[in-house]
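6 protein chains.
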Amino acid sequence: MRISARNQIKGTVVDVKKGATTSHVRVDIGGGQIVTSSITNEAVDELGIKAKGHVTVVVKASDVMIAVD
Amino acid sequence: MRISARNQIKGTVVDVKKGATTSHVRVDIGGGQIVTSSITNEAVDELGIKAKGHVTVVVKASDVMIAVD
Amino acid sequence: MRISARNQIKGTVVDVKKGATTSHVRVDIGGGQIVTSSITNEAVDELGIKAKGHVTVVVKASDVMIAVD
Amino acid sequence: MRISARNQIKGTVVDVKKGATTSHVRVDIGGGQIVTSSITNEAVDELGIKAKGHVTVVVKASDVMIAVD
Amino acid sequence: MRISARNQIKGTVVDVKKGATTSHVRVDIGGGQIVTSSITNEAVDELGIKAKGHVTVVVKASDVMIAVD
Amino acid sequence: MRISARNQIKGTVVDVKKGATTSHVRVDIGGGQIVTSSITNEAVDELGIKAKGHVTVVVKASDVMIAVD
Numbered sequence: 021m022r023i024s025a026r027n028q029i030k031g032t033v034v035d036v037k038k039g040a041t042t043s044h045v046r047v048d049i050g051g052g053q054i055v056t057s058s059i060t061n062e063a064v065d066e067l068g069i070k071a072k073g074h075v076t077v078v079v080k081a082s083d084v085m086i087a088v089d
Numbered sequence: 021m022r023i024s025a026r027n028q029i030k031g032t033v034v035d036v037k038k039g040a041t042t043s044h045v046r047v048d049i050g051g052g053q054i055v056t057s058s059i060t061n062e063a064v065d066e067l068g069i070k071a072k073g074h075v076t077v078v079v080k081a082s083d084v085m086i087a088v089d
Numbered sequence: 021m022r023i024s025a026r027n028q029i030k031g032t033v034v035d036v037k038k039g040a041t042t043s044h045v046r047v048d049i050g051g052g053q054i055v056t057s058s059i060t061n062e063a064v065d066e067l068g069i070k071a072k073g074h075v076t077v078v079v080k081a082s083d084v085m086i087a088v089d
Numbered sequence: 021m022r023i024s025a026r027n028q029i030k031g032t033v034v035d036v037k038k039g040a041t042t043s044h045v046r047v048d049i050g051g052g053q054i055v056t057s058s059i060t061n062e063a064v065d066e067l068g069i070k071a072k073g074h075v076t077v078v079v080k081a082s083d084v085m086i087a088v089d
Numbered sequence: 021m022r023i024s025a026r027n028q029i030k031g032t033v034v035d036v037k038k039g040a041t042t043s044h045v046r047v048d049i050g051g052g053q054i055v056t057s058s059i060t061n062e063a064v065d066e067l068g069i070k071a072k073g074h075v076t077v078v079v080k081a082s083d084v085m086i087a088v089d
Numbered sequence: 021m022r023i024s025a026r027n028q029i030k031g032t033v034v035d036v037k038k039g040a041t042t043s044h045v046r047v048d049i050g051g052g053q054i055v056t057s058s059i060t061n062e063a064v065d066e067l068g069i070k071a072k073g074h075v076t077v078v079v080k081a082s083d084v085m086i087a088v089d
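Protein chains in written order, with this note's numbering: chain A, 21 to 89; chain B, 21 to 89; chain C, 21 to 89; chain D, 21 to 89; chain E, 21 to 89; chain F, 21 to 89.
Hints listed in this document are in silico derivations from the structure and should not be mistaken for laboratory results. Since we're looking at a predicted model, the values are computed, not measured. Any given hint could turn out to be false.
It does not matter which identical chain is meant; a pair holds if it fits inside one copy or across any two.
To be verified - With a straight-line cut-off of 25 Å between C-alpha atoms, the simulated PhoX-like cross-links for lysine-lysine are: (1) Lys70 x Lys38; (2) Lys72 x Lys37; (3) Lys72 x Lys38; (4) Lys70 x Lys37.
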C-alpha cells in the first residue's frame, strides 16, 4: 500500500507504553532524533509493534507545523 | 514558548511553494530526510520562512501514525 | 505497508479537483456514501490518483468525531 | 447545527470501550464497514453514546488520506 | 446535531478568504480574540459562511496543544 | 519559539485530568469559555502544567471547523 501522506520516515522502535486505550510508541529515526506516536492499543497489537522493530513513521503534511526561534 | 507537542525536530528549509491560501514548506531534517509541512501563507509571511532558513518541525504525537512492511 | 490508522475503507475515485497546492479527491465508498479527502497535489501525481481509480480512504481514529441528532 | 466537515456518515454504534480519559467507539456504517473513533469519555457521557445507538461519524476532509495498492 | 468535539465557541465571522480549493475563515470569538479556520470552499458555500455571520468554531480536544512561556 | 499555528489563545488552567497515557487539560480563555486539550502525560509533566497556571492554547487552522445553526 502506498499512501498520500507526504512524510514517511523509517526508524526503530525504542519502546511502547500502553494505556487503557491509547499507546505511546517512541521511534528512533536516526541522528539522535526520537519521534513519539500516539495510536490505539489495537493498532499496536495488530501490527505487532514492539521494541527494536523496524517501522515507518507516517505524518500527513497538514499535521506538520513550523516554528522559528 | 515551550509547547506540548512531543515532536520537535530541527532542520533547514529546502523550499517554500505558495498556493492561493496554503503553502508547502519542505524541510531537510538531516540524514537525507525531507519533511513536508502544509501551513497558511500568512504563517509563512509572519515567520519569514524561506529557503535555507533554520526552523523546527513540530508535530503532535496524536498526528503520528506507525506503519510496518 | 500496513498502517496503524484504524479506518481503511475501499472505494472508487469519483473526481479530483486540483487547487494551487491542495487537491480535493472524492471517493465513492459504496452505499451512496461519498468521502472527501484533502491532500497535496504532489500526492495525487505521485500515486496517480484519478477518476474511476480504486483507492483506500485512510483515517486515524483520533480524527473521527461522533455526532448525534 | 450544520458543520463544515465534509464527511458525515450515518451508522450504528457497535460498541464503546472506555479508557482512563479516552474512549474508542466503533460504528457500523453499512456494507460491512466498521469505523473507529477515539473521543473523550466526557463526550461519550454527554452525548449518551452506547451500543445500538444511531450516530453520525464526522471527519474533516484534511484528515482523510488516500492510499493505493 | 450535537458533536463529540469538546470545543465549541460562538463567534462572528470577520472575513472569508477563498483559495483555489481551501478557504480561510477568521472568526471573532470575543475578548479581542480572532480564530482562523482552514476549510474547503464547498463548506463555505454550502453553509453560506460570510462576514458578520454568526458561527460556532469547533475543535476536537486532541487537536489542541498547550504552550507555556 | 514562534509557531506557524494561527490560533494561539492565552488562558488559565482550570484543571488537569490524567489518564494512563493521555491527559485532559481544561483552560479558561476568558468570556466564560473553557477549552479542552488532550495531550500526553509526558507533556503535562515536562511543561509543569497545573491548575491556575498561565498557558497558551495552540490550534492549527486546518484543525478548526465552522458550524452554523
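Comparing the hints with the structure gives:
no.	hint	verdict
1	Lys70 x Lys38	both (11 Å within a copy, 24 Å between copies)
2	Lys72 x Lys37	within (14 Å within a copy, 29 Å between copies)
3	Lys72 x Lys38	within (16 Å within a copy, 28 Å between copies)
4	Lys70 x Lys37	both (10 Å within a copy, 23 Å between copies)
When held up to the earlier numbered hints, the structure conflicts with none and fits them all.
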